[in-house]
Amino acid sequence: MRYVPLLWAGLFRKKTRTILTLLSVCVAFLLFGLLHAVKAAFESGADSADAKRLLTTARYAIIEPLPLSYLHRIEQVPGVVGVAHADWFGAKYQNESNAFPVLAVDPRRYLDMYPELRIAHGQRDAFITTRTGAVAGRRLVERFGWRLGQKLPISSEIYPRADGSMHWEFDLVGILDADDPTVRRNTDLVLINVAYFDEARQSNKGRTGWYIERIADPAQAQAIAVAIDALFTNSPDETKTQPEKEFAIGFAKQVGDIGALVLRILAAVFFTILLLTGNTMAQSIRERVPELAILKTIGFSDGKVTVLVLAEAVVLLLLGCGLGLLAATSLMPAMNSATGGRFPTLFVHGRTWLVAMSIAVVLALAIGLPPALRARRLKIIEALAGR
Amino acid sequence: MRWLNQIAALTFITLWTIPQRLGTSLVIVIGIAGVVGVLVSVLAMSEGFRHTLASTGRQDRVILLRAGSDAELASGLERDQVTLVAPLSGVARDLRGHPLASAELMVMVDLPRKGQTEPNNVPFRGVQPAAFAIRDELKVVSGRRFERGVREVIVGRKAAEQFAGLNVGATIGFRDSDWTVVGIFETGGDVHESEIWADAETTMSAFRRSIYQSVTARLADGSDAGFTAFKDVVSRDPRFSLSVFREPEYYAKQAKVLSDLINMLGYTVAAFMAIGAMFGALNCMYSAIASRQVEIATLRAIGFGGTPVVVSVMTEALLLALLGGAVGGALAYLYCDGASLSTLNFNTFSQVAFDFRVTSSLLVQGLLWALIIGTAGGLLPAIQAARLPVTVALRTL
Chain A
1064 MRYVPLLWAG LFRKKTRTIL TLLSVCVAFL LFGLLHAVKA AFESGADSAD
1114 AKRLLTTARY AIIEPLPLSY LHRIEQVPGV VGVAHADWFG AKYQNESNAF
1164 PVLAVDPRRY LDMYPELRIA HGQRDAFITT RTGAVAGRRL VERFGWRLGQ
1214 KLPISSEIYP RADGSMHWEF DLVGILDADD PTVRRNTDLV LINVAYFDEA
1264 RQSNKGRTGW YIERIADPAQ AQAIAVAIDA LFTNSPDETK TQPEKEFAIG
1314 FAKQVGDIGA LVLRILAAVF FTILLLTGNT MAQSIRERVP ELAILKTIGF
1364 SDGKVTVLVL AEAVVLLLLG CGLGLLAATS LMPAMNSATG GRFPTLFVHG
1414 RTWLVAMSIA VVLALAIGLP PALRARRLKI IEALAGR
Chain B
564 MRWLNQIAAL TFITLWTIPQ RLGTSLVIVI GIAGVVGVLV SVLAMSEGFR
614 HTLASTGRQD RVILLRAGSD AELASGLERD QVTLVAPLSG VARDLRGHPL
664 ASAELMVMVD LPRKGQTEPN NVPFRGVQPA AFAIRDELKV VSGRRFERGV
714 REVIVGRKAA EQFAGLNVGA TIGFRDSDWT VVGIFETGGD VHESEIWADA
764 ETTMSAFRRS IYQSVTARLA DGSDAGFTAF KDVVSRDPRF SLSVFREPEY
814 YAKQAKVLSD LINMLGYTVA AFMAIGAMFG ALNCMYSAIA SRQVEIATLR
864 AIGFGGTPVV VSVMTEALLL ALLGGAVGGA LAYLYCDGAS LSTLNFNTFS
914 QVAFDFRVTS SLLVQGLLWA LIIGTAGGLL PAIQAARLPV TVALRTL
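These protein sequence lines are chains A and B, in that order. Each number in this note's numbering comes from the position in the first sequence (counting from 1) with 1063 added on. Each number in this note's numbering comes from the position in the second sequence (counting from 1) with 563 added on.
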């Protein structure tokens, strides 16, 4: 602890230089925080996946509908403890296509399937009993300024009503929320009552988009998935059942390898930082050769001097990393409102901090080691003589 | 004149001595090269995507969807509606008098990317024979066109590049039907190159469909007046409940969300990297100045003015930045140009493939960013160098 002032004095020997270095490290980690948040947003489906949920879609293309009559047959598969289903409504709101997802669901089954979606008891009951009822995620409600009890005029791009009109109206009876921020992005949707929807639509009656099954034992997931698909083999509507996580990963893969793209950008960023900071550190040590020699003269061991120089690099990088991530965190609200809620909420995860800190330490060692070793090898007499 | 001589002499000295500060100078060059390289690559991705969508469609072609639908996948048109479109007066005709209208259906088929196993939504388009005359930019570059009534497909060049098993002669199995790939086609790099095409009737029976998704037609008169007239005919006719879009307008809309997203990502990353690099450049230029402190003070002492010092330092910074920008642009060009990528377009829920396009305007933009970073990084150190009192600077000797 008593070396802290010495460390500090060494770091801020040339204020401008250290501050500039600190700022560029800070920017690198700010970028790291932002890109990591984007990557996490694309891949978060897999994080919030429940190992006890399976997803059944049409075998050949996930957008093909499945018969609603499959419900009771899936329910009888051993190991399945609950079944829900959902259908893609194809919403168009205020003339914007796919402004948010609208799913036609059986309210009780769906809300039971996703206990992480929080809804007040009274509102849940209202959704179950109101045929034209709808519930919406809190972010959506705030974004559009909806109020409980109001009519939601939403058009469908896919389903005309029996009279041919594409305009639908629902009563907003509840608001969905979630405590966990990774789950909260799953609440950016509107749920409507399938009983009303299926009766009132003109086409595709008696069909739904996909099924969700809750199973008792995640270890049985594969066997149960096979058992479900076996029920419908050789029928006109064959199915493909997979664990929720696998489905989410597959979907993220569809988007493409965001992870690889982000990794390449960050590699370029950190390579540049490594170079800039490394150069500065090396120069700073070169200038301080006589000072280091004096430290050794008054009794600092080689090891202590080495550690002192290394510690400078570590402190610089960790400080820059912390400031950068703090800056990223404080930028998130602005970014989230700039995307108008069309993109999942971005936030800096705890894991991002861990990864960033480890990167900072590794970079610090890479940057600090050469000058530290140089300091270690210093011969007092030569150094003082300025040779 | 003397002043200009001073500038020339000092700039010469400055540049001549760069090799003595090679490390610092290289750091600036490489740092800026990194920034410009990333900037140009990310923008090349956005440019490639924009190009793919922007080059899709022509002014004289229209796409008809069910009223209220903005995307083919959400649309559905009954056979009777579709057959009424072709005879309409605004639709162009070929030499033999056949109307240039093609009713098409779109299904999604699952195909893994090359080297992967996860399925992707690849668009599979069933087209009527007129489709080839309507989209006369389509060229079969290997193999031949599919035959009607046979389970044969032709595959867009980009789909063939991205997804596994789409070579001429290969068999692909979808939903209890096997199809033979008989050709690869190009359409000038537009979205159709991400698609698989087959005969509409064959597709309908194989995929057990009974409705079409859209009709694409060429207008006899592609001008605004012609388009408005055609639109009026369709909207006034009580038999129809259709939306009419000009093709370019339709495809631009499909791309909007994704291209906004890519652009935002690109510019955010580039802006922050540039700020970081500016701090780095500042640092390097400060240390370049520091190492030349005595030299500059000596020059000042023997009569060189402050402005020539500023100019010479700025010239160094800008030259290094320019060099970095050029290296970065060249790297981006070498590594990215022409590389292809496919992603899920949320609006169409289907895969769209596109190429990175490193255009000359992007390269110029990269150089401009480099110059901005160079200016920002060089100006303060240059002024500091010129302002430092000669006596103070010489005392450090």
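The hints are simulated quantities; they were obtained by calculation from the structure and are not laboratory data. C-beta: ideal position from N, C-alpha, C; glycine also. Treat the hints with care, as some may be off.
Claimed, not checked - Partial list, derived from the structure: chain A residues whose beta carbon lies under 8 Å from chain B:
1) Val-1090
2) Ile-1126
3) Gln-1157
4) Asn-1161
5) Pro-1164
6) Ile-1221
7) Leu-1339
Check your understanding: Any of the earlier hints contradicted here, and which numbers?
Key -> Violated: hints 3, 5.
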